[in-house]
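Engineer: Listed here are the chains, written in short residue letters.
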Amino acid sequence: VDPGEFPLLLTRAQQGDADAFADLWRALNPPLLRYLRVVAPDAAEDLASETWLHACRALSRFQGEESGFRAWLFAIARNRVVDRGRWTARRPESPTADMTVLDSASSADTGQAALDELSTARALALIRQLPREQAEVVMLRVVVGLDASAVADLIGSTPGAVRVAGHRALRRLASILQAEAVTL
Amino acid sequence: VTGGDVFSSAMPSDGKPRIPVSRAAPATTDALVLDRLLDGVRADPDGEECRNGGLDMVAALLVRIAGPADSDETEGLATATAMFREVLGPVSALGGGPPLADSPRSASRKGARSSAARSLARLPRWRLLAAGVAASTVFGGMAAAYAGALPAGLQTVAHDVIGAPAPPAHQPPAAHHQGGANQDTTRHASGPAHPGSHGDRARHTAAGGPASPRAASHHRRQAAAGTGGGHAYGHSSSPGSQPANGRGQGQGRSGAPGRSHANLGHPNRGHQKRGHQKRGHSSGGGNPGHQSGGGLSHGTGNGHGQAHGNGGSGNGQGAGSGHGRHGQ
Chain Z
1044 VDPGEFPLLL TRAQQGDADA FADLWRALNP PLLRYLRVVA PDAAEDLASE
1094 TWLHACRALS RFQGEESGFR AWLFAIARNR VVDRGRWTAR RPESPTADMT
1144 VLDSASSADT GQAALDELST ARALALIRQL PREQAEVVML RVVVGLDASA
1194 VADLIGSTPG AVRVAGHRAL RRLASILQAE AVTL
Chain G
146 VTGGDVFSSA MPSDGKPRIP VSRAAPATTD ALVLDRLLDG VRADPDGEEC
196 RNGGLDMVAA LLVRIAGPAD SDETEGLATA TAMFREVLGP VSALGGGPPL
246 ADSPRSASRK GARSSAARSL ARLPRWRLLA AGVAASTVFG GMAAAYAGAL
296 PAGLQTVAHD VIGAPAPPAH QPPAAHHQGG ANQDTTRHAS GPAHPGSHGD
346 RARHTAAGGP ASPRAASHHR RQAAAGTGGG HAYGHSSSPG SQPANGRGQG
396 QGRSGAPGRS HANLGHPNRG HQKRGHQKRG HSSGGGNPGH QSGGGLSHGT
446 GNGHGQAHGN GGSGNGQGAG SGHGRHGQ
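Chains as they are written, first to last, in the numbering used here: chain Z, 1044 to 1227; chain G, 146 to 473.
Calculated directly from the structure, the hints in this document are not laboratory data. These numbers come from a predicted model, not from an experiment. Among the hints, erroneous ones may be present.
Residues on chain G that point at chain Z, a partial pick, calculated with CB under 10 angstroms [as the list claims (entries may be wrong)]:
1. Ala176
2. Gly199
3. Arg209
4. Ala214
5. Met228
6. Phe229
7. Val232
8. Arg272
9. Asp305
Yeah, the Cβ is synthetic: ideal placement off N, Cα and C, and Gly gets one too.
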């Protein structure tokens, strides 16, 4: 969402304008789904719907700019993820594996060639191999576009810790990719 | 400074030398590159800075996950918009549009109700559970008190506090069998008879004297056992009589004046309705105002009787309420 247009868009959405809400949804649902597919892959779509439902209910009370809205929306999403984690802890399930994640590139070319054909789902699957906190930091920093302090506020940490976690995540990701490139 | 030790991005573009970043300090270099990647700067995966340390593939992956939306990520727009209209529609109507069909009063009631519901929902579950347990305990205790099902001590407290029936008279076994003439044990007789002390499951009140052999034998048993009466909530009637309701309490014990309450109009039949056995029958016919029970009874008629009995050898209590009819 263009930060310059965001205040008007938000005001219209708060007044019940469905078109304005659709603009917000188009801009933020893809990163929301990607974030949820990393932190809660078995229920990403359900959690996205719950997140938007809660956002709609609380939309009239939101005040802030575009980056604040993004942080607010993903805070809602993160709370949904935490709630679902508690719920599934009480009722454990064994979901079947996502077969699309298991798809691997058939090309035996170089790793760069494989990366060129890398689908988003495959990329998210690689991110999921990171530890949970590191994967979350990567998604919030890169996909959602929050800065270190906003991520720290969101996950209850410090900007320095967020920065360190991000660095470790990328280094680990590099090693994973090197290993994957060998096997691809 | 040779080109082999310096990244291309670190080379000066204006001819001024810059601090070379060599591979001898990869951590610092990596930190800068990693910060740029995390900040979303579109690093060129083919660039030398990314190629160093294997970050080129990481940069490509980050570009991928931050790329434009796939088609499956925007499929639910119609559903989301419908949900938005459903959730936010009434809010906008109440906020800016004309009022709905509800009157302001009903709207305020709805608001109060929803506010109360929200407040209730915010309560922790353990508080709701504790409140439920407390309420059930209080009401259950009251119900048990009025049913006379509490232990004697609690029943006495309930009797004093909330007016529940008094506990049944539990006489010490010695007192029952002693049957002394001057028993000073005072029992308030407002509850049902307690038959357990004598093994007698029924109390019989003969409003005009024991007319039936069963009642008479019962009173004889009471007298023999040292009881002078018993609680009796009775219903006495005689055919063809006018209805007369009476209620009273009786207390008869050996050596002490008892007070018996019965319908003493012209009863010739009485039904004890309460007692530990819940139901008993006594029948009798005779003079109104007299009650047998092993003692001297005095009663007043007209449907309300109060009999004072002085049990000869028994020790008992009686309380009776009855509906009587003037008999023939």
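Engineer: Would you pick out the hints that fail for this structure and give their numbers low to high?
Structural biologist: The structure breaks hints 8, 9; every other hint is satisfied.
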